[in-house]
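Student: Residue strings, one per chain:
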Amino acid sequence: MDTVELAPLVEALIFAADGPIRADRLAEVLEVEQGAVAAAIATLMVDYAERPRGFLLQEVAGGFQLRTRPEYAEYLRKLGRSRPFRFSRPALETLAIIAYRQPITRTEIEYLRGVDSGSVLKTLLEKHLVRILGKKDVPGKPMIYGTTREFLELFGLADLAALPTLREFGELVADEENVLNVDNLPLLVDGADTEVDADEDPGEGLAEA
Amino acid sequence: MDTVELAPLVEALIFAADGPIRADRLAEVLEVEQGAVAAAIATLMVDYAERPRGFLLQEVAGGFQLRTRPEYAEYLRKLGRSRPFRFSRPALETLAIIAYRQPITRTEIEYLRGVDSGSVLKTLLEKHLVRILGKKDVPGKPMIYGTTREFLELFGLADLAALPTLREFGELVADEENVLNVDNLPLLVDGADTEVDADEDPGEGLAEA
Amino acid sequence: MDSYAIHLENFEGPLDLLLHLIKKNEMDLHDIPMAAITRQYLEILDAMKVLNLDVASEFLLMAATLVHIKSKLLLPKIVEDEQEEDEEDPRAELVRRLLEYQKYKEVSQVLDSRPQLGRDLFARAAPEPEVLEETDSEFVAVGLFDLLEALQEVLRVSPEPMTHDINLEQLSVTDRINSILTRLQGRESIAFNDLFEGVMQRKEVIVSFLALLELVKLRMVRFMQNARHGAIWLFPTVPLEEGVDLNVGEDSLGYS
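As given, the protein sequences belong to chains A, B and C, one line each in that order. If you read the first sequence in the working numbering, its first letter stands for residue 1, the second for the next number, and so on. If you read the second sequence in the working numbering, its first letter stands for residue 1, the second for the next number, and so on. If you read the third sequence in the working numbering, its first letter stands for residue 1, the second for the next number, and so on.
Take the hints with a grain of salt, since some may be wrong.
From the structure, some residues in chain B lie toward chain C, with a derived Cβ separation under 10 Å [unchecked claim]:
| id | residue |
| --- | --- |
| 1 | A12 |
| 2 | F15 |
| 3 | A16 |
| 4 | R22 |
| 5 | A23 |
| 6 | A61 |
| 7 | G62 |
| 8 | L66 |
| 9 | E93 |
| 10 | G114 |
In case anyone wonders, no lab produced these hints; they're calculated from the structure. Quick caveat: nothing in here was measured; it's all calculated off a predicted structure. For every residue, glycine included, the Cβ atom is placed at its ideal position computed from N, Cα and C.
Start from the sequences and build out the full structure, keeping to the hints where you can.
Tutor: And the structure:
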């Protein structure tokens, strides 16, 4: 089979598979060399990039999958297929720490975050975004955690190396817009100030910075 | 939105819908006239007919759906057959019991599970996840089972001591109420607390059925 | 956090709160004025108490740490030049933690801004009949964690402790199988949790659970999840007719 014949066949298999499908599995099902599959996928990639289609061919979690274009999200959500949960900040933070620092123990996570992380960790385990990798060979044999294939699928990452680069800071950076702007939350340092002042001797309130 | 913009959006919705989707539903989701949807579908139909794709746009049961080409059915069936081995619950349960309680006899497994486990055990032996360790020195000389190196590899465990205990799951949540109440589960009674210890009397804690 | 309840939890934790205070006051991270930051931090904690809000122990621990660092800075320096060079600034560890925390806090936002499956982009939902045709009739494994959780949930709502009385279980697994089959008659599916509706003794729960496992083994039902982590549903795999009686003796259930 040449690439011209193979490409639509590979496309059909990727389309029909129930998750990202690996190139080696495609080769096995099609009984062709992996090189031929790679060539077919390359052809498809070019085709998808050139033509305005409703979905994209993406390399995810070591395999290939068709996914709708992110810019259509608004309409697709109306189909009612949205994931029922959204990440809380603690969950995202914990997940990020595990992703970058795996294998990692709960104690290490909690040192980095400065707060107890047991329930967040349990939620991430339940959502299959995090898994137990084993036990660390130190006294107490604590469990060590890492991310799952489903984590890669969720964030559309080919592998862990595809994680966004961690920025190293020597200084604090100003909160960016997408970072939760604490000044708009009900309990804010300044907000708390006024609330306290209402009931208490103003002198006992928060010092003005 | 004109047809050029609308066509890929319609394609995305058809792609992601969980069955054939009707033109009126598409119009509703996209907030456009049905005529516009019809034009977009016509464009897509032409496009699919012209280019050799792995799937076709079909009108089914009053709606539209993408379906793989019928001539590829043979490969798709192979895809189904070649799905990676997945555990059934009985298999997983039996494997967990063997992992935590090895060396263990079939009678003991069945006592814990409450059901005949012969066929599950056979499957696990065939998949090389479980092996026969020998015979127990009791009347009838029943065979005793344990897990294999492949089992460790499959779950990414360095050794049996790396198996997480169920108590550790429970500890993830400080909230008393949510703590996994393992003590009352027949399957976990002792396995939860005792790490696998090959020297331990395997009959301990088990009433002979 | 599901709601913006007035709570210190609006800050992820003490590190988050400290970061906020340092930035707000434009303090030099490498020369944190410990007296000022400690005072502000403690004032916020006091404010929380005034408002009758819980202050998590982590915030209190950090307060103690800040006071400790402050007091160390106040100690007169031992005037031995050689030693002084080796001695780390008491604030150094805190600074490292703040920078490290900031790093992950930022990247978690970057991660969240990526298109997410099920939120921003979608894969196909409709299964291909050709692919499904050949799959084994056993339900898809959902992992030990899921299984235990399903059972745990059932046990949670059934108050009595289970006793290890195998004889009673023996007697009723078959009955339970038949009652489950009766409930499934004329239905496409039934929710796993619905099978445990009503107040049941723990023993009954276990028996029901064993009955379910048995039905699966007999390939009369299968468990499916409609979403990957959704509710678990039970589907009959054979048509169930009125008055179906399962021809299963206790012996074949392995209780001989």
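Student: If a hint holds in the structure, say so; if it does not, say that too.
Tutor: Right, here's what the structure says about each hint:
no.: 1; hint: A12; in the structure: holds (8 Å)
no.: 2; hint: F15; in the structure: holds (6 Å)
no.: 3; hint: A16; in the structure: holds (4 Å)
no.: 4; hint: R22; in the structure: violated (15 Å)
no.: 5; hint: A23; in the structure: violated (17 Å)
no.: 6; hint: A61; in the structure: violated (12 Å)
no.: 7; hint: G62; in the structure: violated (15 Å)
no.: 8; hint: L66; in the structure: holds (8 Å)
no.: 9; hint: E93; in the structure: holds (7 Å)
no.: 10; hint: G114; in the structure: holds (4 Å)
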